[in-house]
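There are 2 protein chains.
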Amino acid sequence: MSFFLDVILVDDARKVITGIAPAMPTENVPLAHSQNRILAEDTVPATDIPGFSRSVVDGYALLSSDTVGASESMPAMLTSRGRIQMGEEPDTAIQAGECIYVPTGGMLPEGADAVAMIEYCEVVGDEILVQRALAPGENWISRGEDFSTGDVLIPQGTKLSSRHCGVLAANGVADVTVSRQPIVGIISTGNELITIDKKPVAAQVRDANTYLCAGFVTDQGGIPRPYGIVRDDRDALHDALKTAVAECDIVLVSGGSSKDDRDMCADTVAGMGEVLVHGVAIAPGKPTIIGRAGKVPIIGLPGHPASAYVVLIALVADLLHRATGERAEQRTRTVVLAENVPSARGREDYIRMALEPDGARPLFGKSGLLNTLIRSQGLLRVPAEREGYETGDDVEVIVW
Amino acid sequence: MSFFLDVILVDDARKVITGIAPAMPTENVPLAHSQNRILAEDTVPATDIPGFSRSVVDGYALLSSDTVGASESMPAMLTSRGRIQMGEEPDTAIQAGECIYVPTGGMLPEGADAVAMIEYCEVVGDEILVQRALAPGENWISRGEDFSTGDVLIPQGTKLSSRHCGVLAANGVADVTVSRQPIVGIISTGNELITIDKKPVAAQVRDANTYLCAGFVTDQGGIPRPYGIVRDDRDALHDALKTAVAECDIVLVSGGSSKDDRDMCADTVAGMGEVLVHGVAIAPGKPTIIGRAGKVPIIGLPGHPASAYVVLIALVADLLHRATGERAEQRTRTVVLAENVPSARGREDYIRMALEPDGARPLFGKSGLLNTLIRSQGLLRVPAEREGYETGDDVEVIVW
Numbered sequence: 335m336s337f338f339l340d341v342i343l344v345d346d347a348r349k350v351i352t353g354i355a356p357a358m359p360t361e362n363v364p365l366a367h368s369q370n371r372i373l374a375e376d377t378v379p380a381t382d383i384p385g386f387s388r389s390v391v392d393g394y395a396l397l398s399s400d401t402v403g404a405s406e407s408m409p410a411m412l413t414s415r416g417r418i419q420m421g422e423e424p425d426t427a428i429q430a431g432e433c434i435y436v437p438t439g440g441m442l443p444e445g446a447d448a449v450a451m452i453e454y455c456e457v458v459g460d461e462i463l464v465q466r467a468l469a470p471g472e473n474w475i476s477r478g479e480d481f482s483t484g485d486v487l488i489p490q491g492t493k494l495s496s497r498h499c500g501v502l503a504a505n506g507v508a509d510v511t512v513s514r515q516p517i518v519g520i521i522s523t524g525n526e527l528i529t530i531d532k533k534p535v536a537a538q539v540r541d542a543n544t545y546l547c548a549g550f551v552t553d554q555g556g557i558p559r560p561y562g563i564v565r566d567d568r569d570a571l572h573d574a575l576k577t578a579v580a581e582c583d584i585v586l587v588s589g590g591s592s593k594d595d596r597d598m599c600a601d602t603v604a605g606m607g608e609v610l611v612h613g614v615a616i617a618p619g620k621p622t623i624i625g626r627a628g629k630v631p632i633i634g635l636p637g638h639p640a641s642a643y644v645v646l647i648a649l650v651a652d653l654l655h656r657a658t659g660e661r662a663e664q665r666t667r668t669v670v671l672a673e674n675v676p677s678a679r680g681r682e683d684y685i686r687m688a689l690e691p692d693g694a695r696p697l698f699g700k701s702g703l704l705n706t707l708i709r710s711q712g713l714l715r716v717p718a719e720r721e722g723y724e725t726g727d728d729v730e731v732i733v734w
Numbered sequence: 335m336s337f338f339l340d341v342i343l344v345d346d347a348r349k350v351i352t353g354i355a356p357a358m359p360t361e362n363v364p365l366a367h368s369q370n371r372i373l374a375e376d377t378v379p380a381t382d383i384p385g386f387s388r389s390v391v392d393g394y395a396l397l398s399s400d401t402v403g404a405s406e407s408m409p410a411m412l413t414s415r416g417r418i419q420m421g422e423e424p425d426t427a428i429q430a431g432e433c434i435y436v437p438t439g440g441m442l443p444e445g446a447d448a449v450a451m452i453e454y455c456e457v458v459g460d461e462i463l464v465q466r467a468l469a470p471g472e473n474w475i476s477r478g479e480d481f482s483t484g485d486v487l488i489p490q491g492t493k494l495s496s497r498h499c500g501v502l503a504a505n506g507v508a509d510v511t512v513s514r515q516p517i518v519g520i521i522s523t524g525n526e527l528i529t530i531d532k533k534p535v536a537a538q539v540r541d542a543n544t545y546l547c548a549g550f551v552t553d554q555g556g557i558p559r560p561y562g563i564v565r566d567d568r569d570a571l572h573d574a575l576k577t578a579v580a581e582c583d584i585v586l587v588s589g590g591s592s593k594d595d596r597d598m599c600a601d602t603v604a605g606m607g608e609v610l611v612h613g614v615a616i617a618p619g620k621p622t623i624i625g626r627a628g629k630v631p632i633i634g635l636p637g638h639p640a641s642a643y644v645v646l647i648a649l650v651a652d653l654l655h656r657a658t659g660e661r662a663e664q665r666t667r668t669v670v671l672a673e674n675v676p677s678a679r680g681r682e683d684y685i686r687m688a689l690e691p692d693g694a695r696p697l698f699g700k701s702g703l704l705n706t707l708i709r710s711q712g713l714l715r716v717p718a719e720r721e722g723y724e725t726g727d728d729v730e731v732i733v734w
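Taken in order, these protein sequences are the chains called A and B. Basically the numbering used here = 1-based index in the first sequence + 334. Basically the numbering used here = 1-based index in the second sequence + 334.
Read the hints as simulated data drawn from the structure, not as lab findings. One thing to keep in mind: the hints can contain errors.
Note that the list lumps identical chains together, so a pair holds whenever it fits in one copy or between two copies.
[Unchecked claim] Lysine to any residue pairs mimicking SDA-like chemistry, simulated, CA-CA at most 25 Å apart:
id, residue 1, residue 2
1, Lys-532, Thr-511
2, Lys-532, Gly-385
3, Lys-493, Asn-370
4, Lys-493, Arg-667
5, Lys-532, Thr-483
6, Lys-620, Val-457
7, Lys-493, Thr-552
Can you build the whole structure from these sequences, using the hints too?
Here it is in structure tokens:
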């Protein structure tokens with residue numbers, strides 16, 4: 335076998351990885367548990383919102399034609415017909431020369447076409463002096479003006495925020511149809527690995543990838559299922575993968591930082607199904623494996639956490655979004671470069687960037703440094719066809 | 335009582351609200367449950383990372399002085415001393431003229447000061463031909479180069495991301511000291527309100543604020559505890575507040591959209607403790623109440639969800655961050671305005687903005703529209719001393 339991987343471009347790898355994404359079935363969850371879940375169908379309002387013409391101020395409902403020319407020195411004088419109560423239907427209509435008090439959110443009585451704010455009214459016995467002229471439609475919203483039954487309220491694929499949950503509540507959506515969260519198995523391989531509660535001896539290192547991957551999966555709406563550390567042993571890896579494939583929708587295997595171990599991982603995946611990609615033109619992350627066993631994608635990630643994280647962001651996020659149907663946009667920010675960013679043509683570089691007041695700086699230094707994960711605020715993608723960027727260039731940074 | 339509130343500026347309201355924030359005690363949680371929690375103390379590495387000099391490539395550890403002038407046509411010839419295994423300490427040192435295979439992540443043997451990548455080496459029997467000259471220190475990282483015991487690893491007040499969790503794992507932090515999550519009581523008031531599973535009749539509306547506030551509290555790291563709908567009745571509100579104050583760290587009361595109900599809410603809070611602020615120069619959100627009963631802050635929010643959300647973002651977020659010790663920065667984005675944004679001097683306007691390809695547009699229209707919550711991507715704050723912004727201005731938008 336060659337030293338060199340048969341690498342493909344990131345865009346092609348993305349097509350492969352999204353092409354094998356398992357489509358999650360839908361499930362209904364109570365609205366109170368729907369936050370951050372992915373809406374599985376367009377939500378259409380069952381009724382108009384508001385369901386009635388509604389004042390948006392505290393004031394007097396009236397006919398705007400009664401206020402023509404009204405001012406502080408020459409107020410319009412109207413007869414008060416009492417008050418409308420919150421939540422109740424007015425039992426009276428308004429005629430010319432009359433008005434009725436309506437609180438914010440109260441229903442507009444028939445006949446009225448405007449509401450004068452109390453700040454511009456004066457009460458004199460049973461008469462109300464209105465000190466401003468009002469236009470028809472002023473200070474109230476009509477039935478269906480906010481949402482009407484023809485609209486798509488929230489489209490399929492939306493990740494539900496607190497604001498969406500509020501709007502769904504207003505529309506009476508007590509149960510929400512969302513995509514089931516994919517269960518993502520996480521396996522860390524490597525003879526050098528120990529669990530985090532142990533003290534390393536000799537050349538041992540603690541297993542960071544289990545926690546990094548679990549956190550990433552949680553962020554992306556999946557449910558992480560860690561299987562712990564597996565030694566660099568064909569049978570051990572095969573058994574762990576077999577269990578994970580049976581129990582999960584997607585499996586992530588990190589490790590195999592050396593060529594031999596990577597090859598063993600690829601061979602093991604091939605023995606259980608197929609390897610579609612072994613090698614992506616991405617730095618860091620070149621030895622990435624994309625394979626599957628039956629319908630379960632198995633993704634081989636670099637062993638070093640800082641490299642693994644770049645592949646999670648650049649490729650695995652797309653796999654999870656496709657599985658849940660999330661219409662996700664990468665959160666990017668346009669920044670000016672405070673330093674040159676050189677890059678090799680023909681490979682997509684993902685450079686960790688520190689966003690500083692005078693601009694964005696690349697965190698180069700040696701690969702294999704974990705601290706770049708927390709010193710950086712995002713990733714700069716340098717496309718394969720570019721040789722980098724120069725100081726002063728405006729670039730889009732994928733913000734963590 | 336006057337129609338007009340005794341309003342104070344937003345910055346002053348922020349000082350009041352953060353001044354009464356309850357300081358959450360700390361607790362230890364397993365690393366696997368620490369994501370999105372707030373770190374309660376500076377974390378300092380217990381050991382150096384890496385704990386040994388470590389190769390960052392697959393290759394041959396050697397003395398760089400043996401490779402001076404080496405090239406493809408004139409390779410350096412070194413004697414192979416075998417392989418170093420992952421996780422194990424080399425039992426041999428390297429001398430001039432020798433090299434040893436080391437996988438990525440393996441420990442560098444004594445004597446070696448560089449690692450030649452296998453891509454630039456050729457194996458000829460027991461000899462290795464190295465086709466590149468190497469500098470001392472090339473392709474390995476030294477003990478403590480990533481994190482050393484003197485550093486602050488992650489500072490107090492950090493909201494732990496998946497990347498932080500990975501770095502904590504690498505440092506052997508199996509239990510993390512975080513701030514306890516504040517329990518935030520949520521009360522919705524209003525005679526017009528019905529639960530979301532009911533169909534509104536007459537001028538009834540469904541209770542959206544319970545879900546909006548609960549989602550916001552979850553986003554900000556608190557634990558929402560909803561108490562449901564309370565009618566606009568002094569005794570009912572008093573009883574609900576009393577229960578919530580006894581069970582929660584912070585209480586949010588929304589509603590009182592009309593002046594009378596707002597006054598009743600303020601009076602009820604005053605009867606249980608004190609009202610510190612009634613009226614903030616913010617639009618929307620002017621009738622905001624800041625009070626407390628004993629050590630429990632009680633925040634009165636506008637009844638309309640779209641207005642309540644602005645107050646949550648502009649003020650209540652600060653209260654929660656102060657309670658948990660989170661060093662939070664509002665996530666803002668610099669955008670160019672595609673439309674003028676007028677604003678009244680003397681009051682801080684928070685305008686919902688749609689971020690479109692040609693720039694940011696204000697979503698004005700009438701107040702009282704919920705749809706702006708989901709049509710907008712963020713808020714533009716217009717400071718009290720400005721009269722607005724003009725088309726073409728660069729502005730900072732607080733992104734949802």
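Have a look at Lys-532 and Gly-385 and pick one of within, between, both or neither, based on CA distance no larger than 25 Å.
Result: close only across copies, 13 Å inter versus 62 Å intra.
Reference check for the pair Lys-493 and Thr-552, CA-CA at most 25 Å: within, between, both, or neither?
For Lys-493 and Thr-552, both the intra-copy (13 Å) and inter-copy (15 Å) Cα distances are at most 25 Å.
Is it within, between, both or neither when you check Lys-620 against Val-457 at 25 Å Cα-Cα?
between (77 Å within a copy, 23 Å between copies)
Quick one: Lys-493 to Arg-667, C-alpha cut-off 25 Å, is that within a copy, between copies, both, or neither?
Close inside one copy (20 Å) and across copies (20 Å); limit 25 Å.
Status of Thr-511 relative to Lys-532 across identical chains (alpha carbons, at most 25 Å)
between (44 Å within a copy, 19 Å between copies)
My question is about Lys-532 and Thr-483: at a cut-off of 25 Å on alpha-carbon distance, are they close within one copy, between copies, both, or neither?
Answer is between: at 17 Å across copies they meet the 25 Å cutoff, but 60 Å inside does not.
Reference check for the pair Lys-493 and Asn-370, CA-CA at most 25 Å: within, between, both, or neither?
Both, since 5 Å and 18 Å are each at most 25 Å.
Every hint, counting from the list given before, is met by this structure.
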